[in-house]
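K.L.:
With the sequences and hints as input, model every part of the structure.
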Amino acid sequence: MTTFNSTEANIFHYLTFVAFKRVPIFRSPVICQIFIDALAEIREKHPFKLIAYVIMPDHVHLIVNPLNCDIELVGKELKGISARKIIDWLKENRHLVSLDKLKLKAMGKRNHSYSVWQKKVTSVDLWSQKFILQKMNYVHMNPVRAGLIDHPAKWKWSSYLAYLPHEACDVPIEPDMRAYWNDEDFAEHFDGERGRRPLA
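End of the sequence shown sits at 211 in this note's numbering; the numbers just go up one at a time, nothing left out.
No wet-lab data here; the hints were simulated from the structure. One or more of the hints may lead you astray.
Cut-off 30 Å, straight-line C-alpha distance, at most; resulting in silico cross-link-like pairs (DSBU-like, lysine-lysine) [said to hold, decoys possible]:
1) K102 <-> K87
2) K32 <-> K114
3) K141 <-> K60
4) K60 <-> K112
5) K102 <-> K131
6) K32 <-> K146
7) K60 <-> K165
8) K167 <-> K130
9) K130 <-> K112
10) K141 <-> K96
11) K116 <-> K130
12) K56 <-> K167
13) K112 <-> K102
14) K96 <-> K60
15) K87 <-> K131
16) K87 <-> K167
17) K131 <-> K114
18) K32 <-> K141
19) K102 <-> K167
20) K116 <-> K167
21) K32 <-> K112
P.N.:
Pasting the structure below:
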């Protein structure tokens, strides 16, 4: 994982995951939903604030604020769980053409035959409100810049509509409107055992 990461509390991170060989596997709504389900699972296992996201045909952007200040762990687990679920679904439904595109030339670590993601995940700290808003706009406008739609509200697989009046079914997974952790959050999750310093 290529990172430029602080371990300070309440730092937002801009993550980019790119599909193996840029295979556009996320053209499938089912695979997009599999990724969303994996995202929800990891958010439960390793709590983080989800600020913004977009799923593009061959890559994903996320802006997150992890509770435990370990963005590398969040990225690694999300890649692993989503990849396993996607490969399992492709095998179960005999999507042989897609599997062939994801096939490794040589057996990978842990005897893996397929890869969903490129090895590198880029993660950049977002220190200022201006930088955060800039990246949120970049994330939500990604489908428009790619020529997939003419307005971000028309792209289902993003958090854009979550920031407008909407029905629950309009957004694949709701981001956290309270984007920062507070002292009570840390006390609840860590019980003071880690000696975290109070948040500013």
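K.L.:
Now tell me, hint by hint, if it's right for this structure.
P.N.:
Evaluated hints:
Between K102 and K87, the direct Cα distance comes to roughly 23 Å. Compliance with the 30 Å bound is thereby established for this hinted pair. Taking the CA atoms of K32 and K114, the gap is about 10 Å. The hint holds against a cut of 30 Å. Under the criterion of a C-alpha separation no larger than 30 Å, the hint pairing K141 with K60 is consistent with the structure, at around 18 Å. Proximity of K60 to K112 is assessed by CA-CA distance (about 33 Å); at most 30 Å being required, the pair is judged violated.
Between K102 and K131 the alpha-carbon distance is near 25 Å, which keeps this suggested pair within the 30 Å criterion. For the suggested pair K32 and K146, the alpha carbons sit about 25 Å apart, so the restraint of at most 30 Å is met. Only pairs whose Cα atoms come within 30 Å are accepted, and K60 paired with K165 is accepted, the gap being roughly 24 Å. Simply put, K167 and K130 have alpha-carbon atoms about 27 Å apart, close enough for the 30 Å limit, and the pair holds.
For the hint linking K130 to K112, the alpha-carbon distance of about 16 Å falls within 30 Å, and the restraint holds. Restraint check for K141 and K96: not satisfied, since their Cα atoms lie roughly 36 Å apart, outside the 30 Å limit. Taking the CA atoms of K116 and K130, the gap is near 15 Å; set against the 30 Å cutoff, the hint holds. Restraint check for K56 and K167: satisfied, since their Cα atoms lie roughly 25 Å apart, inside the 30 Å limit.
Restraint check for K112 and K102: satisfied, since their Cα atoms lie roughly 13 Å apart, inside the 30 Å limit. Pair hint K96 plus K60 holds up; C-alpha atoms about 23 Å apart against a cutoff of 30 Å. For the hint pairing K87 with K131, the CA-to-CA distance comes to about 10 Å; that is within 30 Å, so the pair holds. A distance of roughly 25 Å separates the Cα atoms of K87 and K167; the hinted pair therefore holds under the 30 Å criterion.
For a cut-off of 30 Å, the pair hint linking K131 to K114 stands: about 18 Å separates their Cα positions. Proximity of K32 to K141 is assessed by CA-CA distance (about 33 Å); at most 30 Å being required, the pair is judged violated. Only pairs whose Cα atoms come within 30 Å are accepted, and K102 paired with K167 is accepted, the gap being roughly 26 Å. Taking the CA atoms of K116 and K167, the gap is about 34 Å. The hint is violated against a cut of 30 Å.
Taking the CA atoms of K32 and K112, the gap is about 8 Å. The hint holds against a cut of 30 Å.
In this structure, the earlier hints numbered 4, 10, 18, 20 are contradicted, and the remaining ones agree with it.
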